[in-house]
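Engineer: These are the residues of each chain, in order.
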Amino acid sequence: MLKMTHLSKVYRTEVVETYALRDFNIDVKEGEFVAVTGPSGSGKTTFLTIAGLLETFSGGEYHLDGIEVSNLNDNARSKIRNEKIGFIFQAFNLIPDLNVFDNIEVPLRYRGMKAAERKQRIMESLERVGLASRAKHYPAELSGGQQQRVAIARALAGSPRLLLADEPTGNLDTQMARSVLELLEDIHREGATIVMVTHDPELAARAQRNVHIIDGQVVELSEDPRFHPAQVAAGEVRG
Amino acid sequence: MFAYYFQLGLRSLRRNPALTALMVMAIGFGVAASMITWSVFRAVSGDPIPGKSGQLYTVLVDNRGPQYNDKGEPPEALTYTDATALVAARKAAHQTLLFEVAPSVLPEGNQSLPFIAHGYATNTDFFGMFEVPFEFGGAWRASDDEGRAAVVVISHALNQQLFNGADSVGREITLDRHSYRIVGVTAHWDPKPRFYDLFSGNAFGDPVQVYLPFARAVDVEMDTAGRNNCGSNVDFGSGRDAWLHGECVWVPMWVELADQPAANAYRDFLTHYAAEQQRAGRFHWAPNVRLRDVNNWLDYKQVVPPESRISLMVALGFFVICLVNTIGLLLAKFMRRAAEIGVRRALGAPRGEIYRQFLIEAATVGLAGGVLGLLLTALGMFGVGLLFEPQIARLAHLDASLVAMTLLVAVVATVLAAFYPTWRAAKVQPAWQLKSN
Amino acid sequence: MQIKPILAAMRHHKAGTVLIALQIALTLAIVCNALFIIQQRIERMARPSGVDETNLFVIRSDWADKSDPQRIDAQMRADLIALRQLGSVQDAAPINSFPLLGSGWDNFIKLQPDQVKMTTDSAIFFSDEHALATLGTRLIAGRNFTASEAGAQQPRDAMHAAQVIISKDLAHRLYPDGSALGKTIYVTMGRTPSTVIGITDTLQAHMTGSWAGPYAYNAVLVPAQLLNDYTYYLVRARPGQLDAAMRDAPKALFAQSRMRIIDHKDGVMTFAQVRQRAYGPDRGMAILMAIISAVLLAITAAGIVGLTSFWVGQRRKQIGVRRALGATRRDILNYFLTENLLIGIGGVMVGAVLAIGINVWMVSQFEMARLSLAYVAAGVVALLVLGQGAVLAPALRASHVSPVEATRSV
Numbered sequence: 009m010l011k012m013t014h015l016s017k018v019y020r021t022e023v024v025e026t027y028a029l030r031d032f033n034i035d036v037k038e039g040e041f042v043a044v045t046g047p048s049g050s051g052k053t054t055f056l057t058i059a060g061l062l063e064t065f066s067g068g069e070y071h072l073d074g075i076e077v078s079n080l081n082d083n084a085r086s087k088i089r090n091e092k093i094g095f096i097f098q099a100f101n102l103i104p105d106l107n108v109f110d111n112i113e114v115p116l117r118y119r120g121m122k123a124a125e126r127k128q129r130i131m132e133s134l135e136r137v138g139l140a141s142r143a144k145h146y147p148a149e150l151s152g153g154q155q156q157r158v159a160i161a162r163a164l165a166g167s168p169r170l171l172l173a174d175e176p177t178g179n180l181d182t183q184m185a186r187s188v189l190e191l192l193e194d195i196h197r198e199g200a201t202i203v204m205v206t207h208d209p210e211l212a213a214r215a216q217r218n219v220h221i222i223d224g225q226v227v228e229l230s231e232d233p234r235f236h237p238a239q240v241a242a243g244e245v246r247g
Numbered sequence: 370m371f372a373y374y375f376q377l378g379l380r381s382l383r384r385n386p387a388l389t390a391l392m393v394m395a396i397g398f399g400v401a402a403s404m405i406t407w408s409v410f411r412a413v414s415g416d417p418i419p420g421k422s423g424q425l426y427t428v429l430v431d432n433r434g435p436q437y438n439d440k441g442e443p444p445e446a447l448t449y450t451d452a453t454a455l456v457a458a459r460k461a462a463h464q465t466l467l468f469e470v471a472p473s474v475l476p477e478g479n480q481s482l483p484f485i486a487h488g489y490a491t492n493t494d495f496f497g498m499f500e501v502p503f504e505f506g507g508a509w510r511a512s513d514d515e516g517r518a519a520v521v522v523i524s525h526a527l528n529q530q531l532f533n534g535a536d537s538v539g540r541e542i543t544l545d546r547h548s549y550r551i552v553g554v555t556a557h558w559d560p561k562p563r564f565y566d567l568f569s570g571n572a573f574g575d576p577v578q579v580y581l582p583f584a585r586a587v588d589v590e591m592d593t594a595g596r597n598n599c600g601s602n603v604d605f606g607s608g609r610d611a612w613l614h615g616e617c618v619w620v621p622m623w624v625e626l627a628d629q630p631a632a633n634a635y636r637d638f639l640t641h642y643a644a645e646q647q648r649a650g651r652f653h654w655a656p657n658v659r660l661r662d663v664n665n666w667l668d669y670k671q672v673v674p675p676e677s678r679i680s681l682m683v684a685l686g687f688f689v690i691c692l693v694n695t696i697g698l699l700l701a702k703f704m705r706r707a708a709e710i711g712v713r714r715a716l717g718a719p720r721g722e723i724y725r726q727f728l729i730e731a732a733t734v735g736l737a738g739g740v741l742g743l744l745l746t747a748l749g750m751f752g753v754g755l756l757f758e759p760q761i762a763r764l765a766h767l768d769a770s771l772v773a774m775t776l777l778v779a780v781v782a783t784v785l786a787a788f789y790p791t792w793r794a795a796k797v798q799p800a801w802q803l804k805s806n
Numbered sequence: 370m371q372i373k374p375i376l377a378a379m380r381h382h383k384a385g386t387v388l389i390a391l392q393i394a395l396t397l398a399i400v401c402n403a404l405f406i407i408q409q410r411i412e413r414m415a416r417p418s419g420v421d422e423t424n425l426f427v428i429r430s431d432w433a434d435k436s437d438p439q440r441i442d443a444q445m446r447a448d449l450i451a452l453r454q455l456g457s458v459q460d461a462a463p464i465n466s467f468p469l470l471g472s473g474w475d476n477f478i479k480l481q482p483d484q485v486k487m488t489t490d491s492a493i494f495f496s497d498e499h500a501l502a503t504l505g506t507r508l509i510a511g512r513n514f515t516a517s518e519a520g521a522q523q524p525r526d527a528m529h530a531a532q533v534i535i536s537k538d539l540a541h542r543l544y545p546d547g548s549a550l551g552k553t554i555y556v557t558m559g560r561t562p563s564t565v566i567g568i569t570d571t572l573q574a575h576m577t578g579s580w581a582g583p584y585a586y587n588a589v590l591v592p593a594q595l596l597n598d599y600t601y602y603l604v605r606a607r608p609g610q611l612d613a614a615m616r617d618a619p620k621a622l623f624a625q626s627r628m629r630i631i632d633h634k635d636g637v638m639t640f641a642q643v644r645q646r647a648y649g650p651d652r653g654m655a656i657l658m659a660i661i662s663a664v665l666l667a668i669t670a671a672g673i674v675g676l677t678s679f680w681v682g683q684r685r686k687q688i689g690v691r692r693a694l695g696a697t698r699r700d701i702l703n704y705f706l707t708e709n710l711l712i713g714i715g716g717v718m719v720g721a722v723l724a725i726g727i728n729v730w731m732v733s734q735f736e737m738a739r740l741s742l743a744y745v746a747a748g749v750v751a752l753l754v755l756g757q758g759a760v761l762a763p764a765l766r767a768s769h770v771s772p773v774e775a776t777r778s779v
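Chains as they are written, first to last, in my numbering: chain A, 9 to 247; chain B, 370 to 806; chain C, 370 to 779.
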């Protein structure tokens, strides 16, 4: 589903050249729920932006759903983001001017969907996250947890092949965080591929598989029973 | 998608009311100032006889010579001698000559007061050459010119005043104590600028009310009510006859020539005529003649008042500044929404869609500015009277084309102004914008 | 205040900086020229006519029957006697045209009969011995016409101009040494000489066009009433009786004869109306330029407020950091004021060049005068002050940003 081989990302300024990712390899299979962990500045967000085609990379290969994306132009990349990827942001990133319904509609509009189908999908995904009654509300009128559910509904409405989540519970209290996580697990059970970046060891533990990034490289795959992800993540937090 | 973006645009207008009001006012004022001055400019600079302006030429012959003429140019009309001789020669398809008259009209019945009617003494070719439309009757005949007949053509307005708009052909009116038989009533006809009589400075004068045969007017010693230019150092003697046959110019003359060869042939004829005058001892200089078509003549006479040009240019400069202002404000408005753009891009909006969204949003700003501009333009139409002489001010009016133009200019200009801010908006990377704030 | 960090920040906001500078530059260029046009027009409008404007009015009488010249002559003399007998009227005179009318009769004036090029151009006013008393124009040298010198003539007759009175400016133009009185000049376009018997104080010609600028105060009074299809009567009311005189005079004329036409709209005009008509376009131009300048300055100021507010909004965090690091409110305020001043200086430098460029172009197109540098200087100061004023509100808002902003991450 998502396969990066020898991928590198270099940020160049006039004086220095910084490797954000170096010889980065990862392979996420269809239907997996992968948690990506790592210390601040390790490159996990860079990985996610590249995975989500929000940024280009400097070297190596990236196959998404079987397509080599490095040579795609902006329009093609936009199309893939729109059709195959759902984003869940830490800060929800709802558009404040638009109500819940209109926010979820944004990606469907870009797909050129007919109004009737848009409406059906929006209502379905709102029901999925339990917020069908809030369609006419504006983001500012919702709690953080509700906003994140709307964001998830927006990500789901387009039936993406891949869900990318960046600290999806980072701005939520424990109670809300738990319910959002349960929602993600439900979605995963229904067959979605999910890649989630997180600091939270508890959260990472709920994933099927953990990937740890340090200094722009994948250092360990947590399928190794001797290396429990929760410990690694917890250690990182403590250290 | 257009409707969607239009709706987003309207919503965005409401979001920063102060910024929006500022932009709408800038565009509104800018477009209104431009449109008000433009409406005057277009009225004074238009082609008064489109389709035919290239075939009508005014005829000029230098009867003063290099010492006395104005920087080598012949005077701006002909002497009676030259005009009558050239018209009599009939070397063009049509030829006419004219001078302004202002006879008094004595209406029938004792209760009405006499009044002055403005008009021209001319010949029958005038009406065909200048495409004068008729309501009743028509032009007099060539034989009436030769026979110096007491006939007259009156305007729709004068016919209204004297005969309540009835068909007055065949009836008599009294001009300066002489009786004239009406042969035609024109429909409304008032080309602006009045190209055929720029000599007297009548480019934007009151509408013409009467036309009577040139020869007849000369016979009854009707004096020109227009300009009379005797140049310099011309001892024309004393009395009307000396003046009439002297070297003062006061008769504009026009010929109709279908094409360039005809114009060239006529110029040759004119040169030949002047050469003959030289041989006869009247001119002591080589032939110096001009044939100027309508647009050339309008240019030469600088009919467009400098006020009109200056105010149009200042208004356009003003509009440009308003647009620069709009560029800045749109930039601020769009970049404030960098986060939204990042999200939209992440959700799959290609650059093209961002362009479309923001240009359409700009167009809604432009449209709002255009509507304000329209109101201000309508208001400004009352103020035009302050700026220009009444006869020019009355030419400016708000018609359908000006309304359309106001809105179109506002929208197009704003969209153009929005290109740079939109380009900047479309450059926003799809990213987790809100996270990093 | 350190300029370097400001310049660095401006490089970062290139587009906004350039847009504000450009707007200031264009505004300066247009406002300078607009103010200059206003000043020129006002100067023109303030020119003296040399006549007693408060008590003067004019009547245009067209002859309805276009009768023969002898009858017109007799009618005019009868009309004038009737007008002069009115209690509200101080004096009256016939005239073919008058100062500021716009249309009239002008001749080339020469000093020698065989002179090829004219010495100057001048208005020709045909009137009688009452002209000066009616206009309220003083003689500064020589004498007035006598009743016996005042004659009558038709337009195409040789000019009845053996004796003429000329205006001070014409006299000076012809004889700069001041010796015009008693000299022979040629005002008839022919070879008949005229003797200057009197010189008036300032007297304006009928011509108002810009072409006539050099001749605007050249006038020749000819002692003959012009027997034309119409005549003007200049009437000077007794002080305070203008309204009464304007009511009485047309009645008195119609009592003399009904075979005349006095237009109900502009047949009778006060001199104030004459002046208003003559300078209408000038006044309009001045008003338009004033409106445009005012709106332009307002829009430019508003634009500066808008863009600076946006910058302040964008830099809240940065400002918070500065505050946390010890910058005072005053420092923050100064930062934005200095930034605006730098942009303003850049703008006005370009604008001054543009202003002069536009003026040079207008001079070549519209017979306009050279823009005085004082205007550019005044405009530069005005725009810099305007910029500082406009930036004050957003800069004050910036100075009130709390140091806490530095710690806010989202």
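No wet-lab data here; the hints were simulated from the structure. Note that CB positions come from ideal geometry on N, CA and C, so glycine has one too. It is possible that some hints are incorrect.
[To be verified] Chain A regions said to be covered by chain B (calculated; three or more residues, Cβ under 8 Å):
no., stretch
1, 75-86
2, 201-211
[Said to hold, decoys possible] Ranges of calculated distance between the beta carbons of each label pair, as one might list FRET restraints:
no., chain 1, residue 1, chain 2, residue 2, range
3, C, Arg560, B, Gln671, 31 to 41 Å
4, B, Asn665, C, Ser579, 36 to 46 Å
5, C, Leu508, B, Gly570, 54 to 64 Å
6, C, Leu508, B, Thr640, 33 to 43 Å
7, B, Gly497, C, Pro545, 55 to 65 Å
8, C, Asp442, B, Thr543, 36 to 46 Å
9, B, Leu785, A, Val24, 53 to 63 Å
10, C, Asp632, B, Leu755, 18 to 28 Å
11, B, Gln671, C, Pro545, 28 to 38 Å
Engineer: Each hint should be assessed against the structure and marked as holding or not.
Structural biologist: Each hint tested on the structure:
1. Coverage of the stretch 75-86 of chain A by chain B holds in this model, with 3 residues showing a Cβ closer than 8 Å to a Cβ of that chain against a need of three.
2. Only residues whose beta carbon comes within less than 8 Å of a beta carbon in chain B count, and the stretch 201-211 of chain A has 0; fewer than three means the coverage is violated.
3. Between C/Arg560 and B/Gln671, the C-beta spacing of about 34 Å keeps the proposed range 31 to 41 Å intact.
4. In this structure the hint that B/Asn665 and C/Ser579 lie 36 to 46 Å apart at CB is violated, the actual value being about 23 Å.
5. At about 33 Å, the CB distance of C/Leu508 to B/Gly570 disagrees with the hint of 54 to 64 Å.
6. The supplied range of 33 to 43 Å is broken by C/Leu508 and B/Thr640, whose beta-carbon atoms lie about 53 Å from each other.
7. Between B/Gly497 and C/Pro545 the C-beta distance comes to about 57 Å, which sits within the given range of 55 to 65 Å.
8. Range check, C/Asp442 to B/Thr543: about 24 Å between beta-carbon atoms, so the 36 to 46 Å window is missed.
9. Restraint check, B/Leu785 to A/Val24: a C-beta distance of roughly 41 Å breaks the suggested window 53 to 63 Å.
10. Distance hint for C/Asp632 and B/Leu755: a CB-CB separation of about 23 Å, consistent with the stated range 18 to 28 Å.
11. Distance hint check: the CB atoms of B/Gln671 and C/Pro545 are about 33 Å apart, consistent with the given range 28 to 38 Å.
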